[in-house]
Amino acid sequence: MTEQTQVAQVENKPYQPKSEDLAKKQITIPGIGDYHLFMKQNKESRFFSITELKESARKNRIIVPMDYCEQFLSKLNQILEFGIQYQSKAPTKTAHEDSRFAFTVSMHTEAGRRYYFDVIDKDSVLNLKLSYIVDERRDSIIVDLASLVYFVEVIQTFMKDFPSLTGKDDFHPHRNRRLSGRTSSTRRGPRFNNRGFYRDSAPPSVRPRQSHNFRPNFEESDERKKSHALKVCSDPAPCQFTHNAKKYMFEIVEGDNTFMRITEVIGESRKSTLHVPIDCLNKVQSVLAEMNDRFSAVRSADPTAPKS
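To convert, note that position 89 of the sequence shown is 89 in UniProt numbering; the numbers rise steadily by one, no gaps.
The hints are all genuine.
Label pairs and their in silico Cβ distance ranges: (1) Gln240 <-> Asn42: 42 to 52 Å; (2) Glu290 <-> Gln87: 24 to 34 Å; (3) Ser140 <-> Phe241: 31 to 41 Å; (4) Asp34 <-> Gln85: 26 to 36 Å; (5) Glu55 <-> Lys283: 32 to 42 Å.
If you are wondering where the hints come from, they were derived from the structure by calculation, not from laboratory data. The C-beta atom is built at its ideal place from N, Cα and C for all residues, glycine as well.
Whenever a hint applies, use it, and build me the whole structure from the sequences.
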């Protein structure tokens with residue numbers, strides 16, 4: 001009889017073996033952070049986790065059981081849709097300049113897991129603060145909305161390749177209580193107006209003790225070695241140019257999907273980011289050349305136009 005089984009019998013709790021890693025992806029966002037997305041299985045339960053890699057011993061981690069994966073994805077897609085609408089209505093945001101949260105939704109499971117999706121507008125750059133609360137532990141990670149789509153792609157792959165086996169993946173991580181019932185998503189805080197803006201200030205930061213939590217397994221598996229991390233391929237530094245107080249950076253980012261990232265920076269603040277699929281760069285180059293030719297022709301025909 002193993003030592004773990006003996007301890008489990010003394011505590012009158014069924015012994016659960018360490019979870020097995022089914023897949024792993026890594027997303028690297030230069031200037032923001034590195035994230036590991038693990039697909040795991042524990043007996044008949046499946047779940048995925050998003051871990052923010054940090055130098056400190058304590059790493060923020062979000063855990064989602066697979067029977068709630070579809071609902072979790074719907075919240076992320078809702079955030080992406082809001083980001084598109086919000087950016088298109090940028091001039092109307094002045095009435096909400098004092099709002100820290102531009103938009104927020106939440107979901108919870110019957111086992112007591114709570115998830116809060118808060119969109120924060122900082123200097124016209126939208127970031128998602130994703131918080132995960134279970135018992136007395138609270139974890140949160142921040143992802144810019146421009147990069148959120150890559151998290152969605154990985155989670156969609158997990159849901160397709162590793163669906164729930166029993167529909168009963170949601171269980172209390174410490175009391176070993178399985179619950180499969182689903183709850184409707186709720187919104188946190190005071191009333192929302194019809195545009196979804198959150199008017200209250202953010203709740204105080206809470207860092208409760210971390211004695212109870214899953215322990216990640218970072219041992220390399222065959223599936224892990226097949227995964228690809230996002231990495232910046234520009235060497236030795238991204239191409240860039242400066243115009244007045246603005247800097248424009250061009251980077252090739254390689255991973256499961258390779259793309260060019262164009263970033264506008266003012267001072268130390270990143271203002272906007274554009275991702276262009278690598279196989280579309282020739283089209284972009286052709287469009288820019290055509291626009292430049294048209295613009296030059298218009299300027300040549302206008303005698304009042306200043307000469308370049």
